[in-house]
Each structure stands twice: as C-alpha cells, then as structure tokens.
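Each protein sequence line maps, in turn, to chains A and B.
Take 1 as the starting number for the first sequence in my numbering and just add one per residue.
Take 1001 as the starting number for the second sequence in my numbering and just add one per residue.
A portion of the hints provided could be inaccurate.
Restraint-style ranges between C-beta atoms, simulated for each label pair [claimed, not checked]:
| id | chain 1 | residue 1 | chain 2 | residue 2 | range |
| --- | --- | --- | --- | --- | --- |
| 1 | A | Ser149 | B | His1371 | 22 to 32 Å |
| 2 | B | Glu1519 | A | Arg161 | 52 to 62 Å |
| 3 | A | Glu163 | B | Glu1519 | 48 to 58 Å |
| 4 | B | Val1397 | A | Glu245 | 29 to 39 Å |
| 5 | A | Ser149 | B | Thr1401 | 37 to 47 Å |
Restricting the straight-line Cα-Cα distance to at most 25 Å, the calculated cross-link-like pairs of lysine-lysine (DSS-like) are [as the list claims (entries may be wrong)]:
| id | chain 1 | residue 1 | chain 2 | residue 2 |
| --- | --- | --- | --- | --- |
| 6 | A | Lys120 | A | Lys54 |
| 7 | B | Lys1381 | A | Lys120 |
| 8 | A | Lys221 | B | Lys1499 |
Listed below are several chain A residues computed to face chain B (Cβ distance under 10 Å; list not exhaustive) [to be verified]:
| id | residue |
| --- | --- |
| 9 | Ser98 |
| 10 | Leu102 |
| 11 | Arg132 |
| 12 | Arg136 |
| 13 | Ala138 |
| 14 | Tyr210 |
| 15 | Glu235 |
No lab work stands behind these hints, which were simulated from the structure alone.
Heads up, the beta-carbon is just placed ideally off N, CA and C, and yes, glycines get one too.
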Amino acid sequence: VKNNTLTILVIDDEPQIRRLVGNAVRSAAVLPPSDTEPSRGETVVRVVEAATGKEGIDLAAGEGPALIILDLGLPDMEGLDVCREIRAWCAAPIIVLSARHLDTEKAALLDAGADDYITKPFSTVEFMARVRTQLRRARSAPRSAAVISFGNFVVDQQRRRIERDGEPIRLTPTEWGLLRAFITHPRQTLTHRQIFQAVWGNAAGDAQQYLRVYVGHLRRKIESDPMRPRFIHTEPGVGYRFEPEGETT
Amino acid sequence: MVRAASTTNLRRAGRNAIVTRWVTWLVVLAAATLLMFLVRGMLDKAHVTLVFLLVVLGASAAGGRALGLTVAALAFLCFDFFFLLPYYTLTISNPLDWLVLFAFLITSAVAAQLLHRANATAEAATQRAQEVDRLAALGAETLNAADADDALRAIADVIRTSVGVDECDIYHRLPDGRAAPIARASAGEGTIALELSDIRGGRGSREDRIAQPGSLVDWIVERGTSAVELEDGTVRVARDLPVSTDASRHEPQTDIGTALAMVTRHDNTSASARVRDALGLSEELPTRHLHPAICALALPLQVRDHTVGVLRIAKRGGLELAPEQVRLLGALSYYAALGVERARLVAAAERAEAERRLEKLRSALLTAVSHDLRTPLTTIKGIASEIVRGGEPQRAVVIETEADRLDALVGDLLDLSRIQAGAVLPALSLNTIDDLIGAALRRAAGALGDRRVDIDAPAGELLAGHFDFTQTLRILVNLLDNASKYSPSGSPVEVHVRKQEDRLRIDVMDRGPGVPVSERERIFEPFYRPPDVPPDIRGTGLGLSIARGLAEAQGGSLQFSPRAGGGSVFTLELRGMDASAPDSPKVQGVEPI
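The shape of chain A in the complex, shown without the other chains (with noise of 0.2 Å):
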C-alpha cells in the first residue's frame, strides 16, 4: 500500500478559521474522492497554514499544493490580487472564503481564476462537499474524448450530433458553442465572460446580452423541465455550470 500525500494550502488571517478549515480538510480530502477512480492507498493530508498574502503566494510555490483555500479579507493584500497571482503559475483549485455576498465579486474571483468560491458563515458540510468536488475535478483527466455521454444524451463532438436515447437534436451553432463549453468544463462555474470567450472567442458584440437567452433555448432541447434543470445551473449573477451527473437538488 503506497502512501500519498495530499497538501493543502489554507490562506487566511484568522487562526480560529484556519484551524476550523484545516480540520474540514483534513476530513474531507480523506475520503475516497470518487468512485470512478481507483483506491490509491492511504492518503495522508499535510495541511499548511499561512497568515498573509505574501507568505501564501511563497508556500503556494515552495509547498506544490493540490489545493489552496484563500480568504479575501487578509490584511496585507487584496484577495482578488493574490488569486490571480497565484493562478498566474499554479495549476491547482482555489477555493475562495468571502464574507461579502456581492455577486459581482464573485464573478470578477472566477474570473481572475479561482475555482470555486463559499461565502461566510458556512456550514462544515457544504464547505466539505466543495473541497471534494475541487480535489475530484482536478484528478479527473480533462473530457477530450471525441464521445461524451450525460444523462441519457449522446454528444458526439467531432460529427457535432447529440443524440436523446438515439433520437438526433437539432442545435443552431451558438447552441453548440454553448454545449461544447458546458461539456468540456463539468462541474464547473463558468461566469458569462468565460462562456463567452468560450464560445465567440473575443468577438465583442450584442452576444454577451443575449448569452442568457442562447442558454434558456439550448436548456429547452436538453432539460425536460427547464426551471427544474438537471444538467445546465445557474449561478446567480455569476455564470453557469454543468452537472453531468444530472445533479438534482
């Protein structure tokens, strides 16, 4: 049996959160992160510390973290700042601690590369639930295959065909654009500017108002309910995200 060793990154200014992350962590990284994905073995998780920005930038690249918990509110730096300095090298997922509920910040966060983000108080539970989506996606190698299949829907990416139990839907290109962004980035928020430089590349234009509207008809080929959506979420004020397990909640 081979032992692993998972570190974590907490970055944030209060000890009495760090400690309470930490203890999170710790559970949560132990589990098996998914079921599709082999047992490696005993896990053992090191969890590091940091009080500031600075000194969490310098661990972030001496320690290679496999992910990195980063509160906004530290006192030496902005949080958006050391997100994006951060992300500027590091591939591993940020998930970011807030205690303000702006959407628009969270937007501006996903867009400077982080992750994932939760807002202040949190319940351990949910916080728990995140770290393992963020570790999980980050194993997982990312979706190139030519067929991808969710739900009971077959996409066929190079014949651009997607298929409902072998019944062949129509899309309209921005319809595809659209599907082919959501399915090569599962699980993940993608605020509006991500889709829309996704799929429009950086085309300016009208698009980016009516990119709402694209998703509600792409959501009514796919979903059977579409303001019960099984597979296409909205992030309120942020973006997307797509559950290819057809997340019901």
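Starting from the structure of chain A, add chain B where the hints point.
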C-alpha cells in the same frame, strides 16, 4: 416729455400717438381760427386772445411743451394775419396791438412751460408709485409663496416684465461653490445663449480667461463680480472695466455699478458710444456695426457681503436700460438675493427634518435589532456554556440553527440599510424567467422542504425581462419562503408567470391565513410580524420590506392582494423584454450546418 418705452413696438406705438396728437391740435387751431374768422366783425381782440390761449393751453396739456409752444407760435401768426389791422399782412398799424400780441405769446409760453413741469412731476410720481407697488407686490409674493422656489420664479417673472427683458435667470450657489439654475422666466422658447468663447476683463487682463464655456455664472459666484455678455460671444467682467467719466459720475464705484453703467442709456450719449467708452476700445472698434452689442447682464446676488447666487438678464437684439429701470433692477435683485437665501434656508431645514426622521427610524430599528440579535445570541451562549460544563453535546444543533438565524438577520439588515440608504444600484440586464425561477427554487429549497411548488408559465415561450438578476432572485426567494412559512402543510405554493404588454407579472400564491385589510400596507414595513403568528414561525420581519425595496429600486413593484378562496397573492411586476435574440455572431470553430 415722452417717456422712452422699452421695446421697439411700444416705441413705434408711442410715435404714432404723438403724430396723432400734433395733427389733432393743429386742426383744432385751424378750426378755431376759421370760426372766429367767419364772425370777425363781432369779435373784440380780447375774445380772439382768449380763444387762442385756450387752444394753446389745451395743446400744452395734451401734447407737451413742444406742441404747446408750436401752437402758440402759429396762433400768434394767425392772430396777426387774420385779426389785426391791416388784415392779411404781418404788419401792425396800431402800436398797442403789439402789446396784445406779445402779452399773448408770453402768456402762452409760460403756461406751456408750467403745464409741462406739472406733467413731468406727476408722471415721475406715478412711476415711483408703480415701482413701490411692484416692490410691495414682490415682497408680499416672496414672503407669501409656500414654496421658496415658487417665490423665486415669481421674482424672476417680475424682474423680466418690469425691466423689460426677454429672459431672467436666477442661479443659486451650491454647497460646493458651483452655481445651479433655480428659477427662470422667459418670454419665448429657447435660450439666448452665447457660445462663450472668451471671458475676459476689459483692457489687457487676459489672465482671467475661462477655458470652459458656460461657466460664467460659476465664475461670478466665485468672484462676486458682475459681467456683461456681448453679442460676439465674448464676456466682459466688471472688475477691470474702465468706466466712462460720464457713467462714473452718476453711479457708485462698485462692480455692480460698473456693469450697470454699461447697460444704462443716458440721454446725452448714444449707447454704442458709451459702451465703446466703457471698454476703452474706441480706437479698435470705431464703427457701430462692428461693435458687438451687449446682450446679457449677470449680477452677483449678495446677502451680507456673501454671494448667494447670480441674476442674469438677457435680451434679444441688445440690452439697454433706462436709469429708472436700473434703479428698479437694483431693488429687485436684492429681493432675488433674499429669495435665494430663503430657498437655501428652507432646503437646509428640510434636510434637517429628513435627518431627524431617519434618526427616529434608525433608533426604532436599533431597538428591534438589538432584541432580535440578542435572543439567538443568548441561546447560543447558554447552550455553549451548558456543553462546556458537561451538558449534552447533541444540543449544539441548536447553536447551529440559531447561528443560521443570526446570519440571516445580519444579511437582511445589511440589505435593508443598503436599500434605505439608496445604495442599491440595480444592474439591469436581459434575463430569462427560466433562469430566475430555477435559481429561486434551488435557493429556497431549504425553506420549502418537501412542499410542492406548481409553476404555471406560458408553455413553449422563453420569457425574458429587463431586471437585476440577483436582486429579483432575492425578492422571489423571500416570497417563496414566506408563502411556504404561512401555508398549511400539504398545500402547494403556486407561481404564475405572465407577460402583459411590456411588463412581466409573477404571482406567488399561497393558501395561508391571508392578511386583514388594515394590515395590508403594514406588512411591507420593517420588523412587521403578523399579530398572532405561531412561535415556531420566526422570520426576521424584514423579508417583505426588503423585497419591495428591491423591486422598486429597479422600477418594478410588489403588491399584495387577497386570493380568491383564501390565502395571499404577492404580485411582482418587472420590465419585460423581447426574448428573441438576434442572429448570433459567428461561433468559434463551428460552421452552420
């Protein structure tokens, strides 16, 4: 004397009246001469003298000194020509007749002169009386008008009509030192505005240039000097204006006096010559048609040596004031200054009153908040110390729920204070109802539990609206939360979505107890809770007031109505929008099939 009327039309009308008067009295003289000529044999010299004297007096009274003297001279000639021997010559045979003739002439001249003086005095007295009347009326209006702004508008109007200009604007000084228009009276449409290219003092003071056009009033408020605007788009400020000797003799040597002197018409100098003089520009601009006329005058309004505003009057085709109009303008501008000052004081008082009300609300909120915050805190503290002393650890669940309640309350309080401070800036954008309802159902999932929510929306149509997504989501979650809270268990909450012309209407309906008529507006007040609410239903009491505040901040509305068959309907109205997206721009790497 003929008083100069202030407009061209009036002047023309006046001229016509004068001509008529002259013709009338000349005809009267001719008629009197003819009548007396017909009965010449029966008349004595004294009769003729008296009749002519009557005509001269009449003409003097009606037409002034010039007409009186002219008629007297003509009567003199007629007397000599027709009534003194030898007839039809100007020679006189009887030397005593000379005495009669010259006595007549002197009497006529003296009478004409006396009448003229009496008339002039009477007219001046009438004018004064009119001025006093105007000032009295203005004073009464200023003090009477309920609204300080109305008073200023009245003052502007009185100034415009009594000084005889096309436009009168009053500006007040803002706390930051800039000037803003507060009242305006205008004769026609549009503004007599200059493309202000150059604001400068008189001769050579180029350092006073103001780069930005239109900032003249700001400049005047700042410096407290007056200025005139010329037709060519330049401005002269009074501080550096060299005043002609003629004007400075009559007017006080103040800035305002200097500016007024420039627009004052004196009998002995033509306006253009005097302006040339005043500006010291005669050598540069020798002819009148090259010289730009003054078209507007701006005076600082001062109360106790403190500039509170600006008065600007303007007139198409050149501003020119008679000395008595200048005097009137001086008095009226003082009323304007008092009016501006009054408006400022009223605004300050209103602000103080608003602050007092806000303070009252704030203290009421504080009382409620401290109660609502302390209750869960007390529970948390109590249970925590129980556990520390070896109590049942399972009781910590209560700590968790109470902490959630506190979190909800703090969130609501933050939102409410943001709404009440007007700090909620809705980010309006195109959003779909699918997104909105989907997200609301997800977010309210905890509060809804296993309660069914029936959604009734037009099938097959993607509804969209122009609203702030997260704020509207908050409203809808609050409504769902409320509906679920007051519904009997097992009865579903219904959501109806409709498009009505350019509005989106979302009804959230429950089968709860409803709201009594007397409480229907109170439910939207902060910290309102229904009178006999069961103790297990405890909200923050802020949900509906936040919901309504958010709805109104983005131009929507939130209303309550009773539901047929029992229960409540909360109706949220938003701006609808056409959901048909235009053809999408080319998607990367995807060719149309």
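>> Tell me if the straight-line CA distance from Lys120/A to Lys54/A falls inside 25 Å.
In response: Judged against 25 Å, a Cα distance of about 23 Å means the pair holds.
> Is the hint on Arg136/A kept, meaning its closest Cβ partner in chain B is under 10 Å away?
Replying inline: 22 Å, violated
> CA of Lys221/A to CA of Lys1499/B, is that 25 Å or under?
Replying inline: 22 Å, holds
>> For the restraint on Tyr210/A, tell me whether the closest CB of chain B is nearer than 10 Å.
In response: 4 Å, holds
>> Quick check on the hint: Ser98/A CB to chain B CB, less than 10 Å?
In response: Result: violated, 13 Å to nearest chain B Cβ.
> Once the shortest beta carbon distance from Arg132/A to chain B is found, is it less than 10 Å?
Replying inline: Check failed: Cβ of Arg132/A comes no nearer than 20 Å to chain B, outside 10 Å.
>> Please check whether Glu235/A passes as an interface residue: C-beta within 10 Å of a C-beta belonging to chain B.
In response: Interface hint status for Glu235/A: holds (8 Å vs cutoff 10 Å).
> How about Leu102/A: closest beta carbon in chain B under 10 Å, or not?
Replying inline: 8 Å, holds
>> Verify the CB-CB distance for Glu163/A and Glu1519/B against the hinted window 48 to 58 Å.
In response: Holds, at about 56 Å.
> Should the interface hint for Ala138/A be scored as holding, given a Cβ-Cβ cut-off of 10 Å against chain B?
Replying inline: Violated, because the Cβ-Cβ distance from Ala138/A to chain B comes to roughly 25 Å (cut-off 10 Å).
> When you check the alpha-carbon spacing of Lys1381/B and Lys120/A, does it fall within 25 Å?
Replying inline: Holds, because 20 Å separates the two Cα atoms, which is no more than 25 Å.
> Would you say the C-beta atoms of Glu1519/B and Arg161/A sit inside 52 to 62 Å of each other?
Replying inline: Check passed, 59 Å falls within 52 to 62 Å.
Hints 1, 9, 11, 12 and 13 from the list above are not met by this structure, while the remaining hints are.
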